[in-house]
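Chain B: place on chain A using the hints.
2 protein chains.
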Amino acid sequence: MILTVTLNAALDVTHHLDRLRPHESNRVGAVAARAGGKGINVSRVLQALGQETVVTGLAGGLTGAAVHRELTAAGLTHDLVTIDGETRRTVAVVDEKLGDTTILLEPGPVITADEWAGFLHTYDKLVARAAAVVLAGSLPVGVPTNAYAVLIRRARAHHVPAVLDADGKALRAGLSEAPAIIKPNAAELSVVSGSSDPQAGAAALRAAGAQAVVASAGPDGMIACTDQGSWRARPPQRLAGNPTGAGDAAVAALTLGLVQDAPWPVRLTEAVALSAAAVAAPLAGDFDPTVHRRLLEEITVESLPAPKTQTTS
Amino acid sequence: MILTVTLNAALDVTHHLDRLRPHESNRVGAVAARAGGKGINVSRVLQALGQETVVTGLAGGLTGAAVHRELTAAGLTHDLVTIDGETRRTVAVVDEKLGDTTILLEPGPVITADEWAGFLHTYDKLVARAAAVVLAGSLPVGVPTNAYAVLIRRARAHHVPAVLDADGKALRAGLSEAPAIIKPNAAELSVVSGSSDPQAGAAALRAAGAQAVVASAGPDGMIACTDQGSWRARPPQRLAGNPTGAGDAAVAALTLGLVQDAPWPVRLTEAVALSAAAVAAPLAGDFDPTVHRRLLEEITVESLPAPKTQTTS
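Sequences listed follow chains A and B, in order. Residues 1 to 313 (the numbering used here) are what the first sequence spells out, left to right. Residues 1001 to 1313 (the numbering used here) are what the second sequence spells out, left to right.
Bear in mind the hints are in silico, worked out from the structure with no lab data behind them. You may find that some hints are simply not true.
Below, simulated SDA-like cross-link-like pairs (lysine to any residue); rule was C-alpha separation at most 20 Å, straight line [to be verified]: (1) B/K1125 x B/P1161; (2) B/K1097 x A/S25; (3) A/K97 x B/I1103; (4) B/K1097 x A/L105; (5) B/K1169 x A/R27; (6) B/K1097 x A/E24; (7) A/K97 x A/G29; (8) A/K125 x A/K97; (9) A/K97 x B/P1161; (10) B/K1169 x B/A1157; (11) A/K169 x A/V141; (12) B/K1169 x B/P1107; (13) A/K97 x B/S1025; (14) B/K1097 x A/H23; (15) A/K169 x B/R1027; (16) A/K97 x B/P1022; (17) A/K97 x B/V1150; (18) B/K1097 x A/I103; (19) A/K97 x B/R1021; (20) A/K97 x A/N26; (21) A/K97 x A/P282; (22) B/K1097 x A/A32; (23) A/K97 x B/H1023; (24) A/K97 x A/V141; (25) B/K1169 x B/G1209; (26) B/K1097 x A/P22.
Extracted from the complex, chain A is given alone in its bound form:
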């Protein structure tokens, strides 16, 4: 079983409009709502790939109840810890005419020390029977800034490897506990390394503790920097569509490759293919299986030379 952790879960609401007229009254044509947050999206992808997965995290209030209900309806096994605060919503307003989206992100609830302690108790119980754990997304207010370090350490006590998808302080605090894989975004890489070269950024994050770093190289696909070598996987062409959830699909593929101990070039190919197949699907957590199968045949992987070590002259 692959455990996914979503500490700042959300109810993702989509409003479909003919045309969004800012600063006016807009009648919404259709409303859709489903449970969201990076970890939950990863579990959806894993489930669609036929893998056993459990969702955990924090949820509360009436919106938390809606998250519970939707996860159950989607057939996803979940064990969310109930909090007093109200789970946040995200509202995506889709302008059908322009084909683009305005997103409103509500702030999340504040987590108390008791609630965090309660979560750790549930987490220990779940991670003990997991093959791997995915820690993904932002930290809600009230959770310690080293939350991901704590969760990686507790997973290791059960010999369970952790995949970390976060940024900023939450990511950096997690590095000290040597996560098996991290998937930082391009902005994070350049902040850490002071360079726009993703390979240099990945090397800096490995030096800071990550066992393997997988990063998007934009239209050039993805790179993986590991203790077994570095690789780049390229898609045949760039796909148009909804980029939300593409990173979560890549994390699902990388975690599955980790559990199956697949060779890195295979893991990276799967990550690029699933990520592109997620771009081709309208909702985060979904992917287009036809695009996925086709791309698996068409992606090329090359081995990269080790990055030059920066020397101080």
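Chain B only, in chain A's frame:
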């Protein structure tokens, strides 16, 4: 007790943003949510005026539960009939920099025949002990188009007068049952009378069945056309602010005047003063008591000559 009916209740959610950037991701600074819909706003104003009031209508799902909870927290007595569908939300996105608002109106739930029958049962019980009933707002899908006619007739069976604040078909179907007061908007008046003169429009709606018609005359205040005469009440100046809820405050004043059998010039003065005091308050259902008291002194009322009868030559 004054009963208010909100058949298409809502949870009104407000997102406060520094600046709304359409077609981008926006982090919301603060979120507020409260029960909304015209009847509920009328009850809030009546409660603030020290009047006993009961809210009824239809609500369901988790959003319906949030409506229940907020009404209780606000100290409003409510007896909403539970439906299977999910109560709608409205999302008002307030751009603090521009000082204006983008509104997203979700479609409401579909009401079944059994749910409507259940509502009529509750309504009969409540209206029997009311001094007046306010029927306000749009009709949800599934409710008969003559819903307001049915409710006015049932109120009359208990000798309870009805105030109707609706438009389009819902208003026109209600006219046949001779509501005590209607408060159509300017657009409705001109559609009915084919004239931009509000007095001509009011006369046409009285001819169609309404006992009294009160209408906004824009910056010129409000007019009332009744079987006792016609009047216009003017505020000293136009107030800037939030016009949402101004009509609901006027309906609250008119209903209270009806119950107290106040002379029409007094009722109209109260309607203009409360309406302007509602414009000065940030949320629908609230009003600024200082503005209210000040305007009561400053509003002027004039008697209007009877409108010329249209004759066919």
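Quick rundown of the hints versus the structure:
| no. | hint | result |
| --- | --- | --- |
| 1 | B/K1125 x B/P1161 | 15 Å, holds |
| 2 | B/K1097 x A/S25 | 18 Å, holds |
| 3 | A/K97 x B/I1103 | 18 Å, holds |
| 4 | B/K1097 x A/L105 | 18 Å, holds |
| 5 | B/K1169 x A/R27 | 19 Å, holds |
| 6 | B/K1097 x A/E24 | 16 Å, holds |
| 7 | A/K97 x A/G29 | 13 Å, holds |
| 8 | A/K125 x A/K97 | 48 Å, violated |
| 9 | A/K97 x B/P1161 | 47 Å, violated |
| 10 | B/K1169 x B/A1157 | 23 Å, violated |
| 11 | A/K169 x A/V141 | 13 Å, holds |
| 12 | B/K1169 x B/P1107 | 18 Å, holds |
| 13 | A/K97 x B/S1025 | 18 Å, holds |
| 14 | B/K1097 x A/H23 | 12 Å, holds |
| 15 | A/K169 x B/R1027 | 19 Å, holds |
| 16 | A/K97 x B/P1022 | 14 Å, holds |
| 17 | A/K97 x B/V1150 | 41 Å, violated |
| 18 | B/K1097 x A/I103 | 18 Å, holds |
| 19 | A/K97 x B/R1021 | 18 Å, holds |
| 20 | A/K97 x A/N26 | 14 Å, holds |
| 21 | A/K97 x A/P282 | 16 Å, holds |
| 22 | B/K1097 x A/A32 | 30 Å, violated |
| 23 | A/K97 x B/H1023 | 12 Å, holds |
| 24 | A/K97 x A/V141 | 37 Å, violated |
| 25 | B/K1169 x B/G1209 | 14 Å, holds |
| 26 | B/K1097 x A/P22 | 14 Å, holds |
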